[in-house]
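Take these sequences, add in the hints, and give me the full structure.
2 protein chains.
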Amino acid sequence: MKNILIIGCGLLGSSLLRKIKKKRLANKIFIFEKSKKNLSKIKKLKLPGIIVKKPEDVISQSNMIIFCTPMSEYKKLILKLNKHFTSNHIITDIGSSKSNSLKIIKKNLKKNISWTSSHPIAGSEVSGPEHGKRDLFEGKWCVLIKDKKTNLKHFKLVDSFWKKMGSKTVSMSSEKHDKIFSITSHLPHLIAYNLVKTAQIFEKRQKHNLLKFSAGGLRDFSRIAASNEVMWRDIFFDNKVNVSQAINLFIKSLNEFKKDINSKKNKSILKKLTQTKKVRSQIIKLKQDINKPNFGRD
Amino acid sequence: MKNILIIGCGLLGSSLLRKIKKKRLANKIFIFEKSKKNLSKIKKLKLPGIIVKKPEDVISQSNMIIFCTPMSEYKKLILKLNKHFTSNHIITDIGSSKSNSLKIIKKNLKKNISWTSSHPIAGSEVSGPEHGKRDLFEGKWCVLIKDKKTNLKHFKLVDSFWKKMGSKTVSMSSEKHDKIFSITSHLPHLIAYNLVKTAQIFEKRQKHNLLKFSAGGLRDFSRIAASNEVMWRDIFFDNKVNVSQAINLFIKSLNEFKKDINSKKNKSILKKLTQTKKVRSQIIKLKQDINKPNFGRD
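Just so you know, the sequences run in chain order A and B.
In the numbering used here, each residue carries its 1-based index in the first sequence increased by 297.
In the numbering used here, each residue carries its 1-based index in the second sequence increased by 297.
Keep in mind the hints are simulated off the structure, nothing from the lab.
A few of these clues could be false.
If chains are identical, the list can't say which one is meant, so a pair holds when it fits in one copy or spans any two.
[As the list claims (entries may be wrong)] No more than 20 Å apart at the CA atoms, straight line, and that leaves these computed lysine to aspartate or glutamate pairs for EDC-like:
{"hint": "1", "residue 1": "Lys575", "residue 2": "Asp354"}
{"hint": "2", "residue 1": "Lys350", "residue 2": "Glu370"}
{"hint": "3", "residue 1": "Lys509", "residue 2": "Glu553"}
{"hint": "4", "residue 1": "Lys377", "residue 2": "Glu427"}
{"hint": "5", "residue 1": "Lys407", "residue 2": "Glu553"}
{"hint": "6", "residue 1": "Lys582", "residue 2": "Glu500"}
{"hint": "7", "residue 1": "Lys562", "residue 2": "Glu526"}
{"hint": "8", "residue 1": "Lys509", "residue 2": "Glu472"}
{"hint": "9", "residue 1": "Lys555", "residue 2": "Glu526"}
{"hint": "10", "residue 1": "Lys504", "residue 2": "Glu553"}
{"hint": "11", "residue 1": "Lys407", "residue 2": "Asp444"}
Remember, predicted model here, so these are calculated numbers, not experimental data.
Below, the structure written as structure tokens:
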């Protein structure tokens, strides 16, 4: 039995906490959370674990350290904790963007310390410890970053940890990770924010009550656009090169579509609208979504 | 007790059929459906109503006629049925775009015949009579188009009909309707199609398996992008002026966002990501969506 330190106890940190407790994976679970609001929620919810005021006080007692803060917090925390880290510490994080954050980690982390980066695909539009769930990771993918310098012993332990959390694991380079998620996650989020913003601008200009009629499609985007702003700022900044390329590719596609509509290109539009249909059934076959019309909401 | 003729018996037509039967609103319900596939489904499902081979044969017996076909079918049908229409017929349709379709209707419809256009906000990504539901319209908005020439007697009857279907009704001009829905419905659908297409192009180019990781956001868009292609082609063509303006407004917003990311404009990005958050809670307050994280899927 080992001790685990969770740094940052929001949606993901508190979900890990709940699952680690349930599976009895740790002797002691230490929690460091800097937000007073979250701390009082953790206490009120009577979540398991020992709240610590300074993470450095328990690093020597911890075998595994999991960073669950926004990525912009990493540098400051690493600089503070560096002298307490040893090469035996299993360190991981759950950040949604990898190349740039790993550069910052490698640049600031003390020599001979290993950091095995991971990314569980298990977000939500809600944040905070009150929304955490023991089974948040159940059946979901967790991507582990692997490169030439990866400490394979630590990698295997982190891989095994995520499997115990219920995840299916897959490994890839940070570059590949960031390319894939720029399209499957970062671009959709960015689009959702911008669509909702477009609706807000339009509503102001036209003085029409739009949201009343949002069930036509807008409501779906509003869910994603309600996600945590600090976390998403960090992702967009961290993965800005891939995200910019994704935006360009998307705008190109939009402009072509607009052209087709305006010149009423029947065949071209029908082809576009039909081809994209297949993706839905593939996604359902891959068990990435439920097979119910309207997500079973109606 | 009166007779109702439903022209086009897919998702919406068959939902009306089921509800009309349940509420015993008609003596006889006639169904005209040109697709053989849909016809065999209707028979297999043992849906209520009398299937007719030619709608013109039962127009004289029908008091109300509801067009539930794609909008591109209207003209041909009107030209065929014109000589059978009388000024007593209550005629409505459920098309999702109004200004242009009403121009076509008015241009082709025989003199002194009234047409009260309506738009129930109750779509889905699935189509066909097998997906119809008796309660599809329950608690949903139905927009009725009203202008100077509207026959008020017919308007009141159509309004009352939709209320019996379970809808809340609201009336507006076709211009206002098309502006509002270009933003709340047409733009989101168009974006969803183009995002999924962008993912397909990217997947081909990079040879990465994207869909496996679509739970990061892409899966939501894939639902909308699976909607009926003929219906949506008609909507995009019909409302192309407003839709083009909406695309331009949206691309402008995307380009500003990209600029902010690339120059790491912290305040500006945080402001954008925070402002859009409010919309979600407004939408939930307006009962346009369920109040469950991840639409309650996980």
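*Since the copies are identical, ignore which copy is meant and state whether Lys350 and Glu370 lie within 20 Å (CA to CA) inside a copy, between copies, both or neither.*
within (16 Å within a copy, 69 Å between copies)
*First find the shortest C-alpha distance between Lys509 and Glu472 inside one copy, then the shortest across copies, and answer within, between, both or neither for a cut-off of 20 Å.*
Close across copies (17 Å), not inside one copy (42 Å); limit 20 Å.
*asked:* I want to check one pair: Lys407 and Asp444. Are their C-alpha atoms no more than 20 Å apart within a copy, between two copies, both, or neither?
replied: Within. Shortest intra-copy distance 19 Å satisfies the 20 Å Cα cut-off; inter-copy 73 Å does not.
*How do Lys377 and Glu427 come out at 20 Å by Cα distance, when the copy is not named: within, between, both, or neither?*
neither (28 Å within a copy, 62 Å between copies)
_Alpha-carbon proximity context of Lys582 and Glu500, limit 20 Å_ = Intra 38 Å, inter 17 Å, cutoff 20 Å: inter-copy only.
*If the cutoff is 20 Å on CA atoms, where do Lys504 and Glu553 land: within, between, both or neither? Let me know, please.*
neither (30 Å within a copy, 23 Å between copies)
*Give the relationship of Lys509 and Glu553 under a CA distance limit of 20 Å: within one copy only, between copies only, both, or neither.*
Cα proximity of Lys509 and Glu553: none, with 31 Å in one copy and 27 Å across.
*Classify it for me, Lys575 with Asp354: is the Cα-Cα distance of at most 20 Å met within a copy, between copies, both or neither?*
neither (53 Å within a copy, 39 Å between copies)
_When Cα atoms must be at most 20 Å apart, do Lys562 and Glu526 count as within-copy, between-copy, both, or neither?_
between (40 Å within a copy, 14 Å between copies)
*Indicate which option fits the pair Lys555, Glu526 if close means a Cα-Cα distance not exceeding 20 Å: within, between, both or neither.*
between (31 Å within a copy, 16 Å between copies)
*Since the copies are identical, ignore which copy is meant and state whether Lys407 and Glu553 lie within 20 Å (CA to CA) inside a copy, between copies, both or neither.*
neither (50 Å within a copy, 38 Å between copies)
Going down the numbered hints, you'll see the structure goes against 1, 3, 4, 5, 10, while the others check out.
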